[in-house]
Amino acid sequence: MMKDVIYLDNAATTPMCPRARETMARLIEHGLADANPSSPHRPGRRVRALLDDARDAVARLVGATPGEILFTSGGTESDNLGLRGAAHAMLRERGRRGVVVSAIEHHAVLEAARALEREGFVVEVAPCTRQGVVTREAVELAVGRIEARGERVGVIAVMLVNNEVGTVQPVADVAALARSRGALVMTDAVQAPFAEELDVERLGCDVMALSAHKFGGPQGVGLLYVRRGVPFDPILFGGGQERVLRPGTENVAGIVGLAAALAWAREERQAIEAHKRRLEARLLARLQERVPDVELNTGDAPRSPGLLSLHVPGIEAEALLVELDLAGVACSYGAACSSGSLRPSHVLQAMGLDEARVRCSIRVSIGPFNTLEEMDRAADRMAAAIGKLRAAGRTAVTVVGGVSVS
Amino acid sequence: MRAGRPRVLVAMSGGVDSSVAAALLVEQGYDVIGVTLQIWPEGIRPPGRHVGCCSVDAVDDARRVADRLGIPYYVFDFQEIFRRTVIAPFTRAYLQGQTPNPCVWCNEHVKFGALLDRAVQLGAEAVATGHYARVEQDPETGRWLLMRPRDRRKDQTYVLWPLTQEQLARVRFPLAPYTKEEVRELARARRLPVAYKPESQEICFIPDDDYRRYLREHAPEAVRPGEIVDTQGRVLGQHPGVAFFTIGQRKGLGLAAGRPLYVVDIDPAANRVVVGERDEARAWGLEARAVNWIAVPGLSEPARVEARIRRNAPDAPAVIEPAGGDPRRVLCRFDQPQWAVTPGQSVVWYAGDVVVGGGVIARAVKEEPPAGHTTPVEAPALA
Chain A
1 MMKDVIYLDN AATTPMCPRA RETMARLIEH GLADANPSSP HRPGRRVRAL
51 LDDARDAVAR LVGATPGEIL FTSGGTESDN LGLRGAAHAM LRERGRRGVV
101 VSAIEHHAVL EAARALEREG FVVEVAPCTR QGVVTREAVE LAVGRIEARG
151 ERVGVIAVML VNNEVGTVQP VADVAALARS RGALVMTDAV QAPFAEELDV
201 ERLGCDVMAL SAHKFGGPQG VGLLYVRRGV PFDPILFGGG QERVLRPGTE
251 NVAGIVGLAA ALAWAREERQ AIEAHKRRLE ARLLARLQER VPDVELNTGD
301 APRSPGLLSL HVPGIEAEAL LVELDLAGVA CSYGAACSSG SLRPSHVLQA
351 MGLDEARVRC SIRVSIGPFN TLEEMDRAAD RMAAAIGKLR AAGRTAVTVV
401 GGVSVS
Chain B
407 MRAGRPRVLV AMSGGVDSSV AAALLVEQGY DVIGVTLQIW PEGIRPPGRH
457 VGCCSVDAVD DARRVADRLG IPYYVFDFQE IFRRTVIAPF TRAYLQGQTP
507 NPCVWCNEHV KFGALLDRAV QLGAEAVATG HYARVEQDPE TGRWLLMRPR
557 DRRKDQTYVL WPLTQEQLAR VRFPLAPYTK EEVRELARAR RLPVAYKPES
607 QEICFIPDDD YRRYLREHAP EAVRPGEIVD TQGRVLGQHP GVAFFTIGQR
657 KGLGLAAGRP LYVVDIDPAA NRVVVGERDE ARAWGLEARA VNWIAVPGLS
707 EPARVEARIR RNAPDAPAVI EPAGGDPRRV LCRFDQPQWA VTPGQSVVWY
757 AGDVVVGGGV IARAVKEEPP AGHTTPVEAP ALA
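Same order as they appear, the protein sequences are chains A and B. According to our numbering, the first sequence holds residues 1 to 406 in order. According to our numbering, the second sequence holds residues 407 to 789 in order.
There's no promise every hint is true.
Stated by the list, open to error - Covered, in the sense of this in silico footprint (three residues per stretch, anywhere, with C-beta under 8 Å from a C-beta of chain A), are these stretches of chain B:
#: 1; segment: 473–482
#: 2; segment: 526–539
Stated by the list, open to error - Quick look at which bits of chain A chain B covers, simulated, 3 or more residues with Cβ under 8 Å:
#: 3; segment: 22–36
#: 4; segment: 317–331
None of these hints come from the bench; they were simulated from the model. By construction, the Cβ of each residue, glycine as well, lies at the ideal position given by its N, Cα and C atoms.
So that you can see chain A by itself, here it is in the shape it has in the complex:
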């Protein structure tokens, strides 16, 4: 990577925090996790103790008890296990076949819901507002559609912070609704690790997913909170780890890193959020001063600081991101997908933005380790890139698809 790159893709991966780095480095360097935590011997028990300590810490940090925390391989697994585990168990135990997901969920939830639908579950999607918020009323209507189809709702999934546009969703309201209907509520909180409301009691959720690399921990490890006593089935089968709900030898070094990072994230939460808010204001002010028509796609909706969906009129995101990459600003379209290409954001589409606006929007996500000075340089580079593309846009060689071919 260029030395001079300004990293503004923290929603894809946030750099590891020093605490997690040091903790994991020590663990690996001294071989502290070099045994299987399920083994019946002293080395095994020593590793098991690390795992137990991490679980205790994590549980405390999100307002849960240790027995309610499952460690997973990350956000995608947590989302899949959370939705499928709850849906299958609610059908098996309560005969509830209905699943409601919001239109702006991460693909890990949406695709899991689609898979459930193929398996015979009745799935309804709750739309969002123009500003990217899923209201309690929209969820209630979706539940009504489930009931109109002769089924009862088993699970409702609404994320806490949207990963593409940063809007905060009224999860507590949705949880209250779910409770009144006898349904479970799952929330994908992957993009909300620094949010004040990240507490399972405060949210009232039954299932909650988190991913370590969004809050300064390592990639490849996540967690799933599952409220004690709610119906829940595994999706993987094998050993008895994680209360049989997520078998497989635990990624102990990763889990210890996750716990260290989450402790840091929650302790420093207010400072981090304030920092991101300050940086965001600086970036936006300077950028809009130079390019006045750049605007937020989310209006004045409540939003997680630092996570911005920006519309740059007339400039295709694909071209802008290349120009920004070459100029040393790393940001993205919406979600990072496997091939790294742009697919029209389902979130922006759900918000009802027209096609041109969807194609001309980028995601900028500021993280805890960005600096104020970087915001000035990033804004200048962005303004320069936009100016360059706008100048070049007037000199196209061919008319794209303008010639009839048949």
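With chain A fixed as given, assemble chain B onto it according to the hints.
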């Protein structure tokens, strides 16, 4: 990125040709940016054996090559333009009883259309590909010439004929001076991770080159059964849809005639497939439409050329002349009748190594020209 070096975008498929093209440009000192065009919906790969370009695998391979070369690399989502300018006309052509060349449209509208526009937008002077073809500027006329490459067996000029002067000025074919074997050797010498990959299939979006299955799955409503008739109009049998037939086809007719019969004509208006003897699939000429001139600004007099009417057909000596008043239409008469002149296929006219121009075959001209109508041998050679 050093300032002052000309920037070139290289379309990379992950295969050996485009990888070597990128490597050569880097060595020649260009500021090279690698790109792969994603033309398929995310997560959906063409089913079946998967060796085609533009898939997720291709992206992985191309990204590795770009990394090895130390160049920036991006994936562009060109699904919409590809669907609109390649796939939709492809299906439409078959339903009209024609046999299309989708690679031609992809070159015209996607690689050297939308991608070239994107390249210019990003400050690049050209788009480069791993095509085997040559572009040179004629020092006398200033026109950009499209020419056959050194490796005549790999010659891909047949699928590049629609390129305009503006497009040709901004196209680079680094493989022009090399044979395929040399290109493989160049890849090996540079330890590019693709040196031993097999050749990709013919039409990238058709799994296993089974276009009939593709049409059945993607345009089932438009595939209508009809009659198979002989050249006298006698009904010999039924066909499942004109789209499943091409001129010269012998297999799959489902006729028990006791002698080999060939498709000699397709009449989409009557939804009929016409069959006949092998000789009846021959034509003395063709009328081309949508003609694009490369070596010359236009055609006012008859001219002697070699015509290629299929990707792998031998070049046939012929004379071209304007057809009526439409400058985009040309009449092409062969010295000897050619087999399976197929509407929808491209016809490309050459003068030696130079592409004079090309067009889409509108119709075959079956009739032998009356004696004394023209004297093709006396027409001047072009270029």
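These are the hints, each one checked on the structure:
Residues of the segment 473–482 of chain B lying with their CB closer than 8 Å to a CB of chain A number 4, which satisfies the three-residue condition for coverage. With 4 residues having a beta carbon nearer than 8 Å to a beta carbon of chain A, the segment 526–539 of chain B meets the requirement of three or more and the stated coverage holds. Counting residues of the segment 22–36 of chain A whose CB lies closer than 8 Å to any CB of chain B gives 0, which falls below the minimum of 3, so the coverage claim is violated. Coverage of the segment 317–331 of chain A by chain B holds. Counting CB-CB distances below 8 Å, 7 residues qualify, and the rule asks for three or more.
Hint check: a violation occurs at hint 3 only; the rest are consistent with the structure.
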